[in-house]
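Bring the two chains, given one by one in their own frames, into a single complex with the hints.
Note that the protein sequences, when read in sequence, are chains A and B.
Mind the numbering: the first sequence is residues 54 to 252 in my numbering, read in order.
Mind the numbering: the second sequence is residues 27 to 143 in my numbering, read in order.
One thing to keep in mind: the hints can contain errors.
[Said to hold, decoys possible] Calculated lysine to any residue pairs in the SDA-like style (CA-CA distance at most 25 Å, straight line):
1) B:K104 to A:T148
2) B:K104 to A:R109
3) B:K104 to A:P96
4) B:K62 to A:E87
5) B:K62 to A:A80
6) B:K104 to B:D131
7) B:K62 to A:E56
8) B:K62 to A:L223
9) B:K104 to A:A79
10) B:K104 to A:I138
11) B:K104 to B:L64
12) B:K104 to A:E77
13) B:K104 to A:P135
14) B:K62 to A:G222
15) B:K62 to A:D106
16) B:K62 to A:A104
17) B:K104 to A:S95
18) B:K62 to A:R109
19) B:K104 to A:E60
20) B:K104 to A:P210
21) B:K104 to A:G69
22) B:K104 to A:I218
23) B:K104 to B:G135
24) B:K62 to A:R63
25) B:K62 to A:A89
26) B:K104 to A:G101
27) B:K104 to A:N102
28) B:K62 to A:G69
29) B:K104 to A:V58
30) B:K104 to A:A84
31) B:K104 to A:R62
Keep in mind the hints are simulated off the structure, nothing from the lab.
Small disclaimer: the values here were computed from a predicted structure and weren't measured.
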Amino acid sequence: MSEFVDECRREWRRLGVPDPVASEMAADLTADLEEAEAEGGSPEDVLGNSAFDPRRFAAAWAAARGVTGAPIPERPSPWRAPIAIALAVILGVLTMGAGLALLVGRSGSSIAFATRRIVAVPGPIHLFAPGSGRGVIPGPLGRVLGGTAVTGVDIHPFAWMLFIIGLTGLGVFAFLYWSHGGGPRRYRRRERRQNPSWN
Amino acid sequence: MGQTEGRRSQLLRGVLDLCLLAVMGDGPAYGYEMTKRLRARGLSTVGEGSIYPVLGRLERDRLVETHRAASNGGPPRKYYRLSPEGERALAAGVSEWQAVRDAVDGALGLVKAEVMP
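Excised from the complex, chain B in its bound form (with noise of 0.2 Å):
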């Protein structure tokens, strides 16, 4: 894994929760079909990790409802949707994400003036 690469999955693995959440704003969905939303979104790889252990605790802090149900032409999947709890979350991480967005910004942007006035 690259340098690069690597510090993406580091920081999308900091922020897989809100991105999963956000794409569970689109319609209820099974893990794979999640994984594709991420993917359509442009976060094309999934890193170190995989989303189910991510799913599984947003499921165990009660921030997302399951159910199982059929899925186009295959076997019935579990299906996940945000509970009101996990729609608090996503509003509260998304303040989050963009006050530390905005520093880094700031941070990195000093750092360019610098380095290519």
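Extracted from the complex, chain A is given alone in its bound form (with noise of 0.2 Å):
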């Protein structure tokens, strides 16, 4: 019962009904249904259908009383929508990344190879080293490496791995931003919930 009352309090507030005639609404609801729970009733008794939806009933009782100030829009915090940006961002470049890395390694380019392997080997800087199909590490790593044919990481998996979790992840946020952030669905909502078309 006070949970019913207290989802219409958080409802009044967010609709901007001044904090008295909130008090006064809410104290006159909880007498009658404890005077009804008193009597073997329910809230049914004193609410009919309404008992089940208290958000629905708090806004049709404000809005036929006349008692709705500026609604306080349901809006996410300032740096919500930052980070979103950030995240998405992220998650992009790295499928779109790994995308290419497997891609390009699946058309044999020496892209392909010095992806595949990084080799130690004294001398300078020579990533993609022409027809060797091998990656270099230069300068004075190579050098203490001394040439040694050091088998580099085969990052294929990797890459097959990023790209599952990066689509993965734009999956799931493109899916949380259409159900819960910001999709036109919510709005749809957001409208119905301050226009109660409802007696």
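Below is the structure:
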């Protein structure tokens, strides 16, 4: 019972109903519900089917009384959008990069070999040593390794993994965005809630 | 909700304001007390809505006056009573309802005569 009234209060707060008016309505509602309960009745005896939809009930009552102020929009916090955009960009770059690596790897170009094997040899930078099919680690590290044919990590599986993770992440991100964050359905729901066409 | 109950609820919704004004004619009452008065007059179902939004609209339209007073052993309640405008609105509404009811009776009477001669 108090949960129903609490939910009503939250809705009234969101709709900008002045606190004294909201307190008055909540007190009247609580008293009526308690009286019904004391007589062996249920909330439905007082509220009808509204007992199952406190937010709609609260909005309808406040609108009927003409006590709604400017509704407080359910906007996400200001940092949420930039974080979401950054996350989407990272996921996109990750997916595209991994996809590109896989595509080029399949075509058998030097880049593909370079991404497959990184070998340390002395000398300058030759990431894509022509004809060798190997990438090389230059400079001091290369000298320390002294030309030993250190087999690099085969990143093909990593590329697949990153591609799948990126794609899945983008899918999850898109789903969350449309179902919770900012799809058109969200705005339609909000409009319906703020303009109840009932009673 | 069955079809019959659904229709009754729809019909009641159209005249619930009049019914509330009518039961206030018995004396000032708070919200749940009016629900009980309606029930005593045979309107046992509040149906899809509840009386509170309707009471809110009546108050906003100044068809009722309100005051707070202690109830029987309970917390202070908001009591509603008819305002002069409310009495006029009730009288006009009753006339309107009777006209609609007579017209519907006429239409349904024809159907009854056709279906069950």
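Hint by hint, here is what the structure shows:
Only pairs whose Cα atoms come within 25 Å are accepted, and K104 (chain B) paired with T148 (chain A) is rejected, the gap being roughly 63 Å. Under the criterion of a C-alpha separation no larger than 25 Å, the hint pairing K104 (chain B) with R109 (chain A) is consistent with the structure, at around 22 Å. Between K104 (chain B) and P96 (chain A) the alpha-carbon distance is near 19 Å, which keeps this suggested pair within the 25 Å criterion. Distance check on the hinted pair: K62 (chain B) and E87 (chain A) sit about 14 Å apart at the alpha-carbon level, within 25 Å; holds.
Our distance criterion of 25 Å between C-alpha atoms is met by K62 (chain B) and A80 (chain A), whose separation comes to about 19 Å. Taken as a hint, the K104 (chain B) and D131 (chain B) pair is broken in the structure, with Cα atoms around 38 Å apart against an allowance of 25 Å. With a CA separation close to 24 Å, the supplied pair K62 (chain B) and E56 (chain A) stays within the 25 Å bound. This hinted pair does not check out: K62 (chain B) and L223 (chain A) have alpha carbons roughly 57 Å apart, beyond 25 Å.
Between K104 (chain B) and A79 (chain A), the direct Cα distance comes to roughly 11 Å. Compliance with the 25 Å bound is thereby established for this hinted pair. Between K104 (chain B) and I138 (chain A) the CA atoms are separated by roughly 52 Å; this puts the pair beyond 25 Å, and the hint is violated. At most 25 Å may separate the alpha-carbon atoms for a hinted pair to count; K104 (chain B) and L64 (chain B) meet this at roughly 18 Å. The suggested pairing of K104 (chain B) with E77 (chain A) holds, with an alpha-carbon distance near 9 Å, which does not exceed 25 Å.
At most 25 Å may separate the alpha-carbon atoms for a hinted pair to count; K104 (chain B) and P135 (chain A) exceed this at roughly 49 Å. Taking the CA atoms of K62 (chain B) and G222 (chain A), the gap is near 57 Å; set against the 25 Å cutoff, the hint is violated. Only pairs whose Cα atoms come within 25 Å are accepted, and K62 (chain B) paired with D106 (chain A) is accepted, the gap being roughly 22 Å. Distance restraint check for K62 (chain B) and A104 (chain A): the Cα-Cα separation of roughly 17 Å lies within the 25 Å cut-off, and the hinted pair is therefore satisfied.
Note on K104 (chain B) and S95 (chain A): the hinted pairing holds, with a Cα-Cα distance of about 21 Å set against a maximum of 25 Å. Proximity of K62 (chain B) to R109 (chain A) is assessed by CA-CA distance (about 23 Å); at most 25 Å being required, the pair is judged to hold. For the suggested pair K104 (chain B) and E60 (chain A), the alpha carbons sit about 21 Å apart, so the restraint of at most 25 Å is met. As the CA atoms of K104 (chain B) and P210 (chain A) are separated by approximately 72 Å, the hinted pair breaks the 25 Å bound.
For the suggested pair K104 (chain B) and G69 (chain A), the alpha carbons sit about 22 Å apart, so the restraint of at most 25 Å is met. Only pairs whose Cα atoms come within 25 Å are accepted, and K104 (chain B) paired with I218 (chain A) is rejected, the gap being roughly 60 Å. Simply put, K104 (chain B) and G135 (chain B) have alpha-carbon atoms about 44 Å apart, too far for the 25 Å limit, and the pair is violated. Between K62 (chain B) and R63 (chain A), the direct Cα distance comes to roughly 28 Å. Violation of the 25 Å bound is thereby established for this hinted pair.
Distance restraint check for K62 (chain B) and A89 (chain A): the Cα-Cα separation of roughly 10 Å lies within the 25 Å cut-off, and the hinted pair is therefore satisfied. Between K104 (chain B) and G101 (chain A) the alpha-carbon distance is near 20 Å, which keeps this suggested pair within the 25 Å criterion. Taking the CA atoms of K104 (chain B) and N102 (chain A), the gap is near 23 Å; set against the 25 Å cutoff, the hint holds. Using a Cα cut-off of 25 Å, the hinted pair K62 (chain B) and G69 (chain A) is violated, with the two alpha carbons roughly 32 Å apart.
About 17 Å separates the Cα atoms of K104 (chain B) and V58 (chain A), which keeps this hinted pair within 25 Å; it holds. Simply put, K104 (chain B) and A84 (chain A) have alpha-carbon atoms about 10 Å apart, close enough for the 25 Å limit, and the pair holds. Note on K104 (chain B) and R62 (chain A): the hinted pairing holds, with a Cα-Cα distance of about 18 Å set against a maximum of 25 Å.
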